[in-house]
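Residue numbering for the sequence shown follows the working numbering, beginning at 24 and increasing consecutively.
Incorrect hints may have been included.
As the list claims (entries may be wrong) - Heads up, simulated BS3-like pairs for lysine-lysine below, C-alpha to C-alpha not over 27 Å straight-line: (1) Lys32 / Lys44; (2) Lys138 / Lys168; (3) Lys138 / Lys111; (4) Lys161 / Lys138; (5) Lys161 / Lys146; (6) Lys166 / Lys146; (7) Lys138 / Lys153.
Said to hold, decoys possible - Now the in silico label distances, taken between C-beta atoms and shown as ranges: (8) Thr117 / Gly230: 24 to 30 Å; (9) Lys161 / Ala219: 31 to 37 Å; (10) Glu106 / Lys153: 24 to 30 Å; (11) Tyr70 / Ala235: 33 to 39 Å.
Rather than coming from a laboratory, the hints here were simulated on the basis of the structure.
In this text, a Cβ means the ideal position worked out from N, Cα and C, and glycines have one as well.
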Amino acid sequence: SADFEMRVKDVHQFNKTNRWKKRGISLVPMDYPFSYLGNYHSMVSVYGEDGSVSITHGCVEMGQGLNTKVAQVCAYILGVDVENISIKPYFSLTAPNAAPTGGSSGSESAAYATKIACEEIVKRLEPFKKENPTATWKELVAKAKANQVNLNASHMFTPRDDVKSYHIYGVAAIEVEVDILTGQHQVLRADILEDAGISLSPEVDLGQIEGAFV
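Please construct the entire structure, taking both the sequences and the accompanying hints into account.
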């Protein structure tokens, strides 16, 4: 708990008893209206020889952890280890007419497109899974390859997919101190709370929230 109300009282008391150092505390809410921007592709390829997976999508990784989220979604749907998945650079041949990566929509849209593509591959593997329920992933894809099954699938996400725009809520409580004589100041404490829903990648989102605050 940030214990904000008690800390406000403590700040007032500190300022009464200290002439040359002062403190301040503030509580700031945040509301970001999120909406989807446009088309985002994802193409997933499974290799029958070793079961490895390659993905290329229509968004740009710029340090926001987009590729990590896409790989984790793929691993979850296919039931494979993330280490078996590689993300290839954006390529306009497989992702033409893609919308810009921005507005917090890129990661979610690319992950959604990857989810649909992976679900299509899972559907194509179902007959072999029913035939041999205990088969490993490598055995399944090898069997599918031997039976001329297409282990490449793609999807183009658009705002017409089964998604809805929503609001992102957050709040920050910050306590600071300033030296009146020197101007030196420091942040004594920062409490940040954001409603992230069901996070695709909690550690990535935590870094995004902390980085945005700083």
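So, going through the hints one by one against the coordinates:
Between Lys32 and Lys44, the direct Cα distance comes to roughly 16 Å. Compliance with the 27 Å bound is thereby established for this hinted pair. The straight-line distance between the Cα atoms of Lys138 and Lys168 is roughly 21 Å, inside the 27 Å bound, and the hint therefore holds. Among the hinted pairs, Lys138 with Lys111 is consistent with the structure: their alpha-carbon atoms are about 17 Å apart, no more than 27 Å. Taking the CA atoms of Lys161 and Lys138, the gap is near 20 Å; set against the 27 Å cutoff, the hint holds.
The straight-line distance between the Cα atoms of Lys161 and Lys146 is roughly 16 Å, inside the 27 Å bound, and the hint therefore holds. Between Lys166 and Lys146, the direct Cα distance comes to roughly 14 Å. Compliance with the 27 Å bound is thereby established for this hinted pair. Taking the CA atoms of Lys138 and Lys153, the gap is near 22 Å; set against the 27 Å cutoff, the hint holds. Distance hint check for Thr117 and Gly230: the Cβ-Cβ separation is about 28 Å, which falls inside the suggested range of 24 to 30 Å.
A beta carbon spacing of about 35 Å between Lys161 and Ala219 agrees with the range 31 to 37 Å that was offered as a hint. Between Glu106 and Lys153 the beta carbons are some 27 Å apart, a value that agrees with the proposed interval 24 to 30 Å. The supplied range of 33 to 39 Å is met by Tyr70 and Ala235, whose beta-carbon atoms lie about 37 Å from each other.
This entry satisfies every hint, going by the numbered hints stated previously.
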